[in-house]
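So the chains spell out like this:
Protein chains: 2
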Amino acid sequence: MTTPPPSLGDIAPEDFRRAAHAAVDWIADYLEHPERYPVRPPVTPGDISAQLAPSAPVTGESLDAIVQDFHDVIVPGITHWNHPTFFGYFSISGSYPGILGELLAAGLNVNNMLWLTSPAATELELRTVDWLRQLMGLGDGWFGEITDTASISTLYALAAARELASGDIRARGMTGLAPMRVYCSAHAHSSVDKAVITLGLGHDNLVKVPVDEAFRMRPDALRACIDADIAAGYRPIAVVATVGTTSTSSIDDVVSIVPIARAAGCWVHVDGAYGGPAAIVPELRWLLDGVDGADSLVVNPHKWLFTPVDCSVLYTKRPDVLKRAFSLVAEYLRTRDDDSVVNLMDYGVQLGRRFRSLKLWMVLRAFGADGIAERLRHHCELARDFAGMLHYEGAWEIAAPVPLSLVCFRFAPAGSDEATRDRWNMAILEHVNASGVALLSHTKLHDRVVLRLAIGNVRTQREHVERTWQALRDAAREVVRRG
Amino acid sequence: MTTPPPSLGDIAPEDFRRAAHAAVDWIADYLEHPERYPVRPPVTPGDISAQLAPSAPVTGESLDAIVQDFHDVIVPGITHWNHPTFFGYFSISGSYPGILGELLAAGLNVNNMLWLTSPAATELELRTVDWLRQLMGLGDGWFGEITDTASISTLYALAAARELASGDIRARGMTGLAPMRVYCSAHAHSSVDKAVITLGLGHDNLVKVPVDEAFRMRPDALRACIDADIAAGYRPIAVVATVGTTSTSSIDDVVSIVPIARAAGCWVHVDGAYGGPAAIVPELRWLLDGVDGADSLVVNPHKWLFTPVDCSVLYTKRPDVLKRAFSLVAEYLRTRDDDSVVNLMDYGVQLGRRFRSLKLWMVLRAFGADGIAERLRHHCELARDFAGMLHYEGAWEIAAPVPLSLVCFRFAPAGSDEATRDRWNMAILEHVNASGVALLSHTKLHDRVVLRLAIGNVRTQREHVERTWQALRDAAREVVRRG
Chain A
3 MTTPPPSLGD IAPEDFRRAA HAAVDWIADY LEHPERYPVR PPVTPGDISA
53 QLAPSAPVTG ESLDAIVQDF HDVIVPGITH WNHPTFFGYF SISGSYPGIL
103 GELLAAGLNV NNMLWLTSPA ATELELRTVD WLRQLMGLGD GWFGEITDTA
153 SISTLYALAA ARELASGDIR ARGMTGLAPM RVYCSAHAHS SVDKAVITLG
203 LGHDNLVKVP VDEAFRMRPD ALRACIDADI AAGYRPIAVV ATVGTTSTSS
253 IDDVVSIVPI ARAAGCWVHV DGAYGGPAAI VPELRWLLDG VDGADSLVVN
303 PHKWLFTPVD CSVLYTKRPD VLKRAFSLVA EYLRTRDDDS VVNLMDYGVQ
353 LGRRFRSLKL WMVLRAFGAD GIAERLRHHC ELARDFAGML HYEGAWEIAA
403 PVPLSLVCFR FAPAGSDEAT RDRWNMAILE HVNASGVALL SHTKLHDRVV
453 LRLAIGNVRT QREHVERTWQ ALRDAAREVV RRG
Chain W
3 MTTPPPSLGD IAPEDFRRAA HAAVDWIADY LEHPERYPVR PPVTPGDISA
53 QLAPSAPVTG ESLDAIVQDF HDVIVPGITH WNHPTFFGYF SISGSYPGIL
103 GELLAAGLNV NNMLWLTSPA ATELELRTVD WLRQLMGLGD GWFGEITDTA
153 SISTLYALAA ARELASGDIR ARGMTGLAPM RVYCSAHAHS SVDKAVITLG
203 LGHDNLVKVP VDEAFRMRPD ALRACIDADI AAGYRPIAVV ATVGTTSTSS
253 IDDVVSIVPI ARAAGCWVHV DGAYGGPAAI VPELRWLLDG VDGADSLVVN
303 PHKWLFTPVD CSVLYTKRPD VLKRAFSLVA EYLRTRDDDS VVNLMDYGVQ
353 LGRRFRSLKL WMVLRAFGAD GIAERLRHHC ELARDFAGML HYEGAWEIAA
403 PVPLSLVCFR FAPAGSDEAT RDRWNMAILE HVNASGVALL SHTKLHDRVV
453 LRLAIGNVRT QREHVERTWQ ALRDAAREVV RRG
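Chains as they are written, first to last, in my numbering: chain A, 3 to 485; chain W, 3 to 485.
Calculated from the structure, these hints are not laboratory results. Computed from a prediction, not measured in an experiment: that's the story for all the values here. Hints should not be assumed to be uniformly reliable.
Copies of the same chain look alike in the list, so a pair counts if it fits in one copy or across any two.
Below, a list of computed lysine to aspartate or glutamate pairs in the EDC-like style, where the Cα atoms sit at most 16 Å apart [to be verified]:
no., residue 1, residue 2
1, Lys-210, Glu-480
2, Lys-325, Asp-170
3, Lys-446, Glu-399
4, Lys-446, Glu-333
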């Protein structure tokens, strides 16, 4: 009565080989010539959907036909993060060894939840994050694990802080407790807000500490906020310092923040998602000064470390607390080795854990410490070059210090008022982005629109910055002309 | 003063091409012959670490050298989830089109956080999850998004339930509120426990509702639990029903559960992480009966739908509530299109969002509805075949109904006591797993050790089940002989 076993013949191994070899050649060609494409595709909402069938096919289709649609329908709707003039958000780039690692990981398809479910994946993960720790010049005593995103890493860190603050929360929840407070600078990333909301701490209990003129958290203001909260009956539980904020890449003074936080019994989490890898550059190692005194740190290799998304590393000096916050071993997950191994599922929510260390290991080895430092240094130099171009041209302002590879600036010709400048800068942004020549993003500083040029792509060279600078000036002329 | 721009020449495109082509051939060969490897590698904790350098190299290494180490050091420490006798946990399998999709996604390396940051990725994600909805026979009105894991999908669903229960929690947190309660069966997955802990609801406030003789949540018991809690001053906010529990693949009666939950004002979340895709098989469509009346549903294509990890789909009929729970648009993330597009970052914590729909789209197209149904049906038939083998042999018991492709069983020869049987079954498990012939896992039912054989690999055929059955009987003989 058994149905004949389905054959895999309808997706034949030789079809996979052909399609995958073609994909490798396409990717290699794409990465050698990303400039064939506009950075932002000239599509409007719904354009891609309109070309996609309303339902899945009843019978299987050939890989060739599917890949053809990838080229005809999907690629024309891609925003090219690989483009050397992609300067928006934080410019990221995958790289050859990272792509190779992803390919092999997809082939192996292991779930690294337990040591048993892939010993090599667990041991490589622990070793690779330790390599990265050493490269950033951090001391001993850090436990690291890979998560998907900094949003999750920061959520885990604050969950550990919450756990440490009360031995009862895990079992009894937060109802009935006095409000707990978390502190970060007004320039911290929105992931801190989302973590606080998710954990049930309440968004109102995230205190945004004022910043100094360089957009760094003011340690004296942190102390004042904490003192006022304690006096008002709140319980401070965590301080999040940022090394490389999203708006301006400002670097909080961790050395000063740690003792203030400690005195209040707070967990210290450092968000180095973007800035952390820069500590691999010897002359930028000061970035992480003081971090060895913190409780946790997040660094994202998928941002400024040439690793394809997603790959975030959460370090903590208190893995015991992280484990206490999350470990929960159902009978069906118990193994004979539980007492002698690290089962990485114990340190977070996610049970499904991809083999992400493979790509990071390949990236670190293929570039080497010097190769990474050389590239990050070059990005910082390009940013300073761009700041120099702005400085030389009278109508533009540099809106924030440039400690790393992000430049915040603003078209601000003499005689124009601030409201007009806001409008012009948004128009310049749209003009340049719509052209496909480059992609930038914006933020607001002191409530004024500021443009951001973030450099992080492994292929970005001075010519790309110069071309973008020309496009910005052309756009400004056009925008002023239109009035 | 500028350092000469680093060349990418030290990782030359031609080196990538060579290494990636070789990786494609290796993967194809590996998937054609996964049986060359033992399922579980013969390694002990630390064996892999001992072969890994203590630090990253200072100068970059060649891709060839790195790949050589992958083969020499990593592969020998891999537990082969691709092996057709991997029957542990839930047996999963990546497939050719899924690997191809991962490769291309790694090449493009887009972050699908905003429509603008990749229109095709956003529109393909929405379309592909809608295809899957239709394939499972669900009605209209479902919004779907892809997350990494069911652990996160369920966390999001319960965050939405919490948001709906109180308009204030997002801002003010949970302190000061009456305890809120969530209900699931005693057989629900540990991810529900982790979500409740993470959200600050408290583990004590997750009520494990008793199950019937087939390990399904008892609707009468659910009603009684809710009534008792309301009488005691608790606030019921959500019920989680499971379609395919982890221990036994039991299927909760969603049709009966929904009205009970509704009457108490509860959000209904359905965990179909494993079982959901089976609804693609026409004769199994009843699995999702009643689900159209629920508020959310999670289905994991990376489990029983041939998609490489990670890929989980969260559906909800209340995207407005999910968005209210999580949306938080920092200035640096605003775009001109915000009012006219779906920005998927608004529906969860994670800002980094890989282009996961690409692999799912390729899988659904390459297999087609009929191809998927044929394979899942075959897996269910193999499970019934195995149950038949057990049934025929007197010394073995089938420990739970077999509605899908998971068989729970136990070596229970006449005359042995239960404690001895527990010991023997754990010994049989270890014996078979250590042999490398097959990999199974275990659970406990009625506090007794039960072995699990889960079928879900696209390459598993009857011969693999037969070989494993032989290994189990050999192991049982050996274990009894040893006493």
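So which hints don't hold here, by number, going up? 1
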